[in-house]
Each structure stands twice: as structure tokens, then as C-alpha cells.
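Visitor: What follows is the residue order along each chain.
Number of protein chains: 2
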Amino acid sequence: IVPYVARDDEDTFKILIATDIHLGYLEKDAIRGNDTFTTFDEILKCAKEKQVDFILLGGDLFHENKPSRRCLYSCISLLRKYCMGDTPILFDVLSDQAVNFSTSKFPWVNYQDENINISIPVFSVHGNHDDPTGADGLCALDILSSAGLINHFGRSQSVERIEISPVLLQKGKTKLALYGIGSIPDERLYRMFVNNQVTMLRPKEDQDLWFNLFTIHQNRSKHGATNYIPEQFLDDFLNLVVWGHEHECLIEPRRNEQQLFYVTQPGSSVATSLSPGEAAKKHIGLLRIKGRKMNMEKIPLNTVRQFFIQDLVLAEHPDLFSPDMPKVNQKVEAFCQEKVDYSGGFEAFNATRFSQRFVEQVANPKDVIHFIRQKEYKAKVEEDNVDFGQLMSQSTTEGLRVEDLVKEYFKTAEKTMQLSLLTEQGMGKAVQEFVDKEEKDAIEELIRYQLEKTQRHLQQRGVMTEEEIDQEIRSFRETKKGTAEEEDEVQEAFKRAKAHRLERDDLPDDLDLSDGSDFTMDIDEDSTPAPPPRGRGRGSRGGRGRGQTTARRGRGGFLCKI
Amino acid sequence: IVPYVARDDEDTFKILIATDIHLGYLEKDAIRGNDTFTTFDEILKCAKEKQVDFILLGGDLFHENKPSRRCLYSCISLLRKYCMGDTPILFDVLSDQAVNFSTSKFPWVNYQDENINISIPVFSVHGNHDDPTGADGLCALDILSSAGLINHFGRSQSVERIEISPVLLQKGKTKLALYGIGSIPDERLYRMFVNNQVTMLRPKEDQDLWFNLFTIHQNRSKHGATNYIPEQFLDDFLNLVVWGHEHECLIEPRRNEQQLFYVTQPGSSVATSLSPGEAAKKHIGLLRIKGRKMNMEKIPLNTVRQFFIQDLVLAEHPDLFSPDMPKVNQKVEAFCQEKVDYSGGFEAFNATRFSQRFVEQVANPKDVIHFIRQKEYKAKVEEDNVDFGQLMSQSTTEGLRVEDLVKEYFKTAEKTMQLSLLTEQGMGKAVQEFVDKEEKDAIEELIRYQLEKTQRHLQQRGVMTEEEIDQEIRSFRETKKGTAEEEDEVQEAFKRAKAHRLERDDLPDDLDLSDGSDFTMDIDEDSTPAPPPRGRGRGSRGGRGRGQTTARRGRGGFLCKI
Numbered sequence: 377i378v379p380y381v382a383r384d385d386e387d388t389f390k391i392l393i394a395t396d397i398h399l400g401y402l403e404k405d406a407i408r409g410n411d412t413f414t415t416f417d418e419i420l421k422c423a424k425e426k427q428v429d430f431i432l433l434g435g436d437l438f439h440e441n442k443p444s445r446r447c448l449y450s451c452i453s454l455l456r457k458y459c460m461g462d463t464p465i466l467f468d469v470l471s472d473q474a475v476n477f478s479t480s481k482f483p484w485v486n487y488q489d490e491n492i493n494i495s496i497p498v499f500s501v502h503g504n505h506d507d508p509t510g511a512d513g514l515c516a517l518d519i520l521s522s523a524g525l526i527n528h529f530g531r532s533q534s535v536e537r538i539e540i541s542p543v544l545l546q547k548g549k550t551k552l553a554l555y556g557i558g559s560i561p562d563e564r565l566y567r568m569f570v571n572n573q574v575t576m577l578r579p580k581e582d583q584d585l586w587f588n589l590f591t592i593h594q595n596r597s598k599h600g601a602t603n604y605i606p607e608q609f610l611d612d613f614l615n616l617v618v619w620g621h622e623h624e625c626l627i628e629p630r631r632n633e634q635q636l637f638y639v640t641q642p643g644s645s646v647a648t649s650l651s652p653g654e655a656a657k658k659h660i661g662l663l664r665i666k667g668r669k670m671n672m673e674k675i676p677l678n679t680v681r682q683f684f685i686q687d688l689v690l691a692e693h694p695d696l697f698s699p700d701m702p703k704v705n706q707k708v709e710a711f712c713q714e715k716v717d718y719s720g721g722f723e724a725f726n727a728t729r730f731s732q733r734f735v736e737q738v739a740n741p742k743d744v745i746h747f748i749r750q751k752e753y754k755a756k757v758e759e760d761n762v763d764f765g766q767l768m769s770q771s772t773t774e775g776l777r778v779e780d781l782v783k784e785y786f787k788t789a790e791k792t793m794q795l796s797l798l799t800e801q802g803m804g805k806a807v808q809e810f811v812d813k814e815e816k817d818a819i820e821e822l823i824r825y826q827l828e829k830t831q832r833h834l835q836q837r838g839v840m841t842e843e844e845i846d847q848e849i850r851s852f853r854e855t856k857k858g859t860a861e862e863e864d865e866v867q868e869a870f871k872r873a874k875a876h877r878l879e880r881d882d883l884p885d886d887l888d889l890s891d892g893s894d895f896t897m898d899i900d901e902d903s904t905p906a907p908p909p910r911g912r913g914r915g916s917r918g919g920r921g922r923g924q925t926t927a928r929r930g931r932g933g934f935l936c937k938i
Numbered sequence: 377i378v379p380y381v382a383r384d385d386e387d388t389f390k391i392l393i394a395t396d397i398h399l400g401y402l403e404k405d406a407i408r409g410n411d412t413f414t415t416f417d418e419i420l421k422c423a424k425e426k427q428v429d430f431i432l433l434g435g436d437l438f439h440e441n442k443p444s445r446r447c448l449y450s451c452i453s454l455l456r457k458y459c460m461g462d463t464p465i466l467f468d469v470l471s472d473q474a475v476n477f478s479t480s481k482f483p484w485v486n487y488q489d490e491n492i493n494i495s496i497p498v499f500s501v502h503g504n505h506d507d508p509t510g511a512d513g514l515c516a517l518d519i520l521s522s523a524g525l526i527n528h529f530g531r532s533q534s535v536e537r538i539e540i541s542p543v544l545l546q547k548g549k550t551k552l553a554l555y556g557i558g559s560i561p562d563e564r565l566y567r568m569f570v571n572n573q574v575t576m577l578r579p580k581e582d583q584d585l586w587f588n589l590f591t592i593h594q595n596r597s598k599h600g601a602t603n604y605i606p607e608q609f610l611d612d613f614l615n616l617v618v619w620g621h622e623h624e625c626l627i628e629p630r631r632n633e634q635q636l637f638y639v640t641q642p643g644s645s646v647a648t649s650l651s652p653g654e655a656a657k658k659h660i661g662l663l664r665i666k667g668r669k670m671n672m673e674k675i676p677l678n679t680v681r682q683f684f685i686q687d688l689v690l691a692e693h694p695d696l697f698s699p700d701m702p703k704v705n706q707k708v709e710a711f712c713q714e715k716v717d718y719s720g721g722f723e724a725f726n727a728t729r730f731s732q733r734f735v736e737q738v739a740n741p742k743d744v745i746h747f748i749r750q751k752e753y754k755a756k757v758e759e760d761n762v763d764f765g766q767l768m769s770q771s772t773t774e775g776l777r778v779e780d781l782v783k784e785y786f787k788t789a790e791k792t793m794q795l796s797l798l799t800e801q802g803m804g805k806a807v808q809e810f811v812d813k814e815e816k817d818a819i820e821e822l823i824r825y826q827l828e829k830t831q832r833h834l835q836q837r838g839v840m841t842e843e844e845i846d847q848e849i850r851s852f853r854e855t856k857k858g859t860a861e862e863e864d865e866v867q868e869a870f871k872r873a874k875a876h877r878l879e880r881d882d883l884p885d886d887l888d889l890s891d892g893s894d895f896t897m898d899i900d901e902d903s904t905p906a907p908p909p910r911g912r913g914r915g916s917r918g919g920r921g922r923g924q925t926t927a928r929r930g931r932g933g934f935l936c937k938i
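Residue numbers (the numbering used here), protein chains in the order written: chain A, 377 to 938; chain B, 377 to 938.
In short, the hints are calculated from the structure, not lab data.
Treat each hint with caution, since some may be false.
Result set (PhoX-like, lysine-lysine): computed pairs, CA atoms no more than 25 Å apart in a straight line [to be verified]:
#1 B:457 to A:404
#2 B:404 to A:404
#3 B:457 to A:457
#4 A:481 to B:404
Derived coverage of chain B by chain A (criterion: at least 3 residues anywhere in the stretch with Cβ under 8 Å from a Cβ of chain A; other residues may be distant) [stated by the list, open to error]:
#5 479 to 492
#6 548 to 562
#7 569 to 582
#8 628 to 637
#9 727 to 741
No experiment lies behind these values; they were computed from the predicted model shown.
Backbone N, C-alpha and C fix where the C-beta goes; we use that ideal spot for every residue, glycine too.
Turn these sequences into a full structure, and let the hints steer you where they fit.
Guide: This is how it looks when you write it as C-alpha cells:
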């Protein structure tokens, strides 16, 4: 990769990249109530100081689907304060805006509106928190766009077919195609990719002169077989994918070696869950694009309340503690500046009393310490070769979801167990309940539930008629397609997404992204290669990186007070 | 009064006057859901066509304190559509805008904002429906003003003292002082007037060259002793009062003979209650002001669904019906194109079945017919000289409220009854409950409740100690001041409001409003004198003109379908 020394010139797009700002998160909290607004202020101020051409947001600008009056008021006021003014806009829109913004009553970019003096246009897709709902299919962003304050793009009207028509921008000689999909439930979008219902349109002329930037707000890490969007679903003509929804800041563009595009994951600008991913330093990005070169400058956010998290496993300190040591509780309490795994027979001390000492130092004293006792499962149904302990262990370390667990369960069960097991009546409902629930211990609970039910059913074998059993199996198979067939379809989708690269093999070498001669990427501030996504620190809808929940024994952390 | 021929010239303010638009009222109704937006569109379109200088709204632009997303979206879109553009604004602001709009983050009129191109400024006070609530004291209008779409004025920060600092406007030679008070609970504002806590500031220079326009959103008709704002509380230096909140359209300015100012009551642009006032034709006004002359042009609203209401008293048609006539029900049903009072022994027919015939013709088939049987009360406690029947009759015909009824009750009770009556424990709570409730039959229910309780207590006389009784009386008297003292204070407030006129007696004749030589008023379209306000057709908060509820026997009506 040839380092690209970024210069601000008439051909260079300067784009401020941010996502998951979650305005209004905890807005009623006495201490943290203003955090999201303070950070949005910092982000917009930065955009103004850096004189960016525009701001690109990856969704979840709002935390609530129906933001409070105060939240809307604050957001509008901030956008008006920072994004309006006389600074001229130096790029043009080449695409048909009536198509790009077809759902708007004012279907054109806000900076071209004669009555609104925009200095920094904001482009945003919607996230899962601020997604369109209700009969009118409006979302909170539409209130902003009706006031001319943002450009809501990547909105699909149809649930049958998504045709992404990019906003085509040109600054000097640089041509930038802005693609986006607002948040869609992961399973549905996954299915649409598999069913070839998603199409990214491309300009007919100078197709390979465009820098193709795609914004998406979905699960990136695998939270289940179909509960995420594999990067390989995305067309390989893309140059950079801005991935929203995932809260961990992994903003350094990481190359996908199959598709040869880069993916940047800016992460949220506020910690909304107590997970290690959220404890990472938060950044926004200043993306420069010139021709087909890009450069991502990491900009640390200074107003974000730092979140500290540490797991301590008492059993790993046999020299310091043992359950039968006299006054061990006081010793542990003294030791606890952070957090403790009490597994192995230790008694917990009073967490509330402990936390109170930190009221003046941290913003979330209640979360300072969480006691977690590791659960120990035994493979109780060995006679049937269904090792739930192993299943659970797999699922919790590999980031599988409840559905997968259940699927796995049935696969094993069908092979090895009496079919009567499948007649378990409450199972479907229970699975659904746990899938809907977003509790940390959902997996453990489900497994416990299954173990109990399984044992009970094993004792009651043969209660159902064969016909009833067949019926159960049929209806299960109808709702859940066979894995083999499904996998073929997925492979097809992967192939389709790569089709464009094959075409490009015929193109002149200097336009080929894969050789790195024309398309370069450079990271400021930190030259170490970006780590792979960890699958944690995500939005509060969808799975929660449960895979890590049991692997790490303790959970808890604190945010700095000021 | 010298007719003033209105001409549009460089010295003439043209102001579109409207109020109580109640955006979002019944927005989920399949038929009427769009009514408020359609009419707001008509109003704004009219303002644009008439090339007004600005729009003045008297509150309740929104029906809900927290308007829905759709409602905000529609409102913002309409304001952006009609009120933005290149038409130059031909008047200046002379007052200190930081004072006028002190609560705004952008404390200046929107049309002077460099980044927003306003062609028609909208000035509005808030109403009781869209009043500020919550810790931040924000109201729905503030969302609009943060986006630069309206100018929210008449906002008082203090509950101790209201100082109304007018927005001083000048167009050519005409000087217009715009006063306003956003909605405040009537009792509280009444009390503030009485306590001399309301002050209207005036410009120091050229004080009597200003046309003083005041916008208020309160009860105008007397719904209770202190549950309205007497016009006589308002300073007599005012020239015109725009009275919001009252839904009946009485837009022709009517002269107050004490204060010598005029009052225009535009009325709502949507019928929100089934009352005769709402059935009157809806209008907005085009107010022209030149120097100290004014002219109000009535503009009928065409999109408002016409509401028809008629009361029929069966007993008044003895020639047609009698209760014992064979098949009288069918005859009545046939007769009923409108509505019927079934008092006097008649049996009601099936209203639902009847209404279904009108599903295709009217927008509110459920309201087409309401059966009301007049209640007959007897003076049950004659032994104690408290004639509840008479009390109720007074209260319901004179528009008294529950509080007054209770006050009256205690006055009579103290004189004639054993004091033990006052010890009734549940009374205070019951009264509060009924005051808070807004049910049609609150008065009747209260009286029934009181009758029962009174009788029970008369049987249990002497249960309380004298000390306890004294305590009850003291606490009652502390919360409710004596009527005589109160009346003196009210008279004082009236005198204060007239003080300015006395001062003006020393001024040259040609500036004195009272002789009509300089200040003239002319009504277009209809030269008949405006009727006095009827005290009906009001907003849904506050009293409901209950005085009419039992006097008129029937209630109900319909709105045209299209």
C-alpha cells in the first residue's frame, strides 16, 4: 500500500465520519443526561473547525424512536448552530435527487435549497433506534429533513426489493458515489441478499472512476447464522464501507481480503452498554478522498465519558484469597477497585455499600461492581449424546445465538434421540421468548430450560403419537429451511457480490483496486494494523455478543465522573 | 366610527390572524385525520396569496402537548413550503429582541436570521394544549422556533411576576406593539392580575403613536368566579385584543365599553367539541393596521368540515308525538334528521342503528344523535334551608363552576346548618376530584354526592369535637379567601387597568382612541354588530360551558363528510 499524503485541495473530499450518536440516551440521568448532546456538539464543532465538505452519519443519531421534545430541540439547535452559515459548498450532486430522496417532501440536498443557508450538509441513513415506524413510515430523521437540517438517504420504500441508487457527488475531479441502506432487521436483509433482492445501481458512464462509499447499519459480527450481514454480501466494486450499529470503535479501515474493499467501523460516540468494546477509546474519522485514494484520520473524542472495565477472577489469586481464609471478605473488598469473579465458593460483600464510596468519582456508581458467579454445567444427557455443556461452550465462545443453539440442538437430537423429544410443546414458545428477550443470561437460561424439559421428556417417551411427531417435524422444517440448501444460496450471494471484481479483471491495471497502485489507504495516528472486529460493544437491539458473556467471568465498569 | 377604507401601502401592516388550529386533532381518524393539516395548509396559502406581512397565531397550534412525529413533520413541511421564500419583509423590529425572545437559543426574529430565508414570519403565543411542560420548560412551539420556523413570543419565565415586553414593529410610519401572554391556568393568571403581578411595559417615546395589539389565550367567557380573564383586567391603552382559546368564531372586533379597546375572537379552525359555538362558520382575519386605524377583513375557511347542530325537544311537539301514541318510536325516528330531547317519558330508539344510515354522508356518524333525558332534582334538604335543586339550577344556567357551587354551599351551610356538616372528611377530596375531572355531569354528580353525605351527617350530628370543627373551618378559609375581600381586590385590578386611559385624558384629542376620530374600525363582509361571546365552543381543557349542558336538552351534531 502506497501511503497517501492527504492534502486539502480542490479535488479532495473531506468527510467527517461518525455514527451511533444516540442523542437522548439516559437523558434523564442527573449526571449523564447531557452526555450525548455534549458529544454531538463536539462532533459538529470538529466538523466546522476541520472545514469538512460534509458529515456522514451511520445511523442511530437518536436513541429513541420517538425522541423527546428536549432531544429534538437540542438536536435541531445544534445543527442550526454548526451546519448553517455562509461557507460555500464546493461539491455538486450529479444524480437524480428526486430518486435519491424520493420519500422526502423536499427531494433535494438541503444545501441546494434556496431558502436554507447550509454550510455543512449532513448525510445520514437511519439506524435501528431511529428507524421508520407507523402508518406514515416516518422516522425521527424525517423531522430534521423536513426542516432542511439533514439529508436522509438510503431509504428503501419496498420490502420486496432494494435498489440502492447512489447519491453521486463530484468535487473537482473526484467523483464520489454515496450508497446507503438504512437499518433493516438483520434476518430480513440477510434473506434479501440471499434471495438476490438487493441491487446496487451504478452510474453508466466512467463507472470505474467513481469512489464507491457504502453506509450500512447492521450487525457486522456474527450474532447468529442469519442475524448479521456478512461483508461478503456487499458488492466488491465498493471501495469503503462505513459500518454503523457496532459500538466498538474500529475506525481504522480494515481490508476485506475476499471483496478487497475496506471497512471502517467508527463505533458509537457514547457507551450504551457495559461491554469491553464500549470501553475502547471513542473516535470519529476525518476521511479524505481524492480520486480513488483515501485517507482516514482518527480524531479522538474528548467529551466522551471514559468507561473502564476490568474482570478479576478471585480463583486466579490463590495466593491472596481462599474461601476459608479468615476475614477474606474484607480483604477482597479492599482489593476490589474494580471487579471480581466470586466463583468457587467465595461470599460476595455488599456491593451497594461498596459502590457508595465511588459516588463522587464515577458517573454510574451502581455499575461499579457486578458480582457474577460462574455457572457450572454437567453433561446430564450423555446417554443421548447431546452434550449441552459443549453446545453451550461452543455457543458462548463463538458468538452463536439462541437460534443457532436451537438449530444445533435439533440437528443433534434428530440424529441421536427419540423423535418424541421434538414434541416438546413449550419449546417453540420458549425459544421465541428467549430470542425476543435481550438478557445477558438468555443462553444459560435456555439451556437450563432445555435440560429440564429434555429430562422430563426422556422420562415420558412415547407419549405422543407418531403422526403428531411427524407434524411437529414438518412444521419445524417449514419455518427453518434446511441448512444445506441455505448454505448453497449464501454461497451464490457471495459469488454475486464478487461478480464485479471479475469484470474488473479486464480493466486496465491502474484502475484495479486490488493491486493497490491507484487505491491507497493510510491511517493517521496509529499505524498498527486494525484488529478484527470483536463482536462486542453493540447497539442494544439484537444480540449482545453473548459469546463473551460467560467466557469473561465478571462484568461491570465505570464511567469517569466529568 | 369612521369607516376606514383599507389600502395596501407602505405604511399598512397586513396581518393574518388565526388561532386554535389544533394540528393533530383526531389525526388517527380515518375520515377526519387530515382535517387540521388541510386547514393549516389553507390558512398558510391564504397568507401567501394575500401577501401578508406576518401571521399572528393565538395559541394551540398543536392539539397535543407532545405532537406526534407525523404532526411535527407535517407542520414543519407546511411552514417551510409557505413561509420561506424571497419575498422581502417590509417591517423592522425596534425592540430588544434578546428580551422579547429571551428563552430562545436564537433570540431574534426568524426573518432576520442570515441563514433562513423567511418570506412570512409567524408570531405565536402558546396555548393550553401546547404549553411548556417538563424540567426544561419547553413546548412544542420551541421545536419550531429552534428550526427558525416561528417566533414564539409572550413567554413568561417567572410565576411570580409577568412583565410583558412588547415586540415593537415598524412598517413605514406605522408603529405596532405586539403584546402577548402564552396560556397560563386561568385561576393563576386571574389571581396574578388581582395581585398586581402583571405589567405591560410600554415604549418610553412616542407612547401614543403605537398601535397596541395584545394576544391572549385564556377563557374569555365566565366559566367560574376566577376561571376566566375579565376583559377589564387588560390595560386600556390596548387597541385590539386577539383572543385565542375560545373556539367560536367571533372575529368581528367588538368594542369593550369600559376599556374602549376592541376584542377579536377568531375562533378555532377546527371543531373539537359538539357545541353550538363550533357549528358557526369558521373564519380567519386579515387585519390591516395603518397608524392607529385598523380594518378586519373576515376570510371564510373553505376546508373546514361544516358542523351542524340542532336541539329538538319532543315535548314541544305535543301535536306530533306523545309517549303513549302507538308506534311513536317509529314516528320519532322518522322525524329525526337531527336530534331529540327524550325527556318526559319518551323511549329512545336505537341510536347506533339510526346513525348507520349516515355513514356515507357524515364524518362523525357516532355523534349524529345523542339522547339526553333531562334530570329532575328535588330540594331534599329543605329542613336546613339549603336548596340544592336551586343551587344546581343556578349553577347550570349561569355558567358557574364546581368551585363556585362549593363556595356557595359553604356560605349557606355556615349560616343555616350545624357546623358539624363542615367536618365531612371526604368533601375536600371529592371536590378536588370533581374539579380535576372534566366530565359533563360533574356538577350533577357532585350535588348527588353532597346530598347523600349531608343527609348522612345530619343523622350523625355532633360526632366531631368543636376543636376539630374549628380546624376544618380555618383551613377551608385559608385556602378560599372571603368573597368580600376578594371583590375589593378585583375592583382594584379593574381600576389599575383603566389608569392609562385617565392619563390619556390629558393628551391631545386627535390621539384619543375614545372619540373615534383617529382610531377607526371597519368590518368587511358583514356589517351587523358582533354578538357578545356565548361562552361555548371552547377548547377541551378548562370548563366546558356546563351552564348550557342542562339548559339545552339535547346535544349532538354532524360534520359534513367532505
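Visitor: Hint by hint, where does the structure go against what was stated? Just the numbers, ascending.
Guide: 1, 2, 6, 7, 8 and 9
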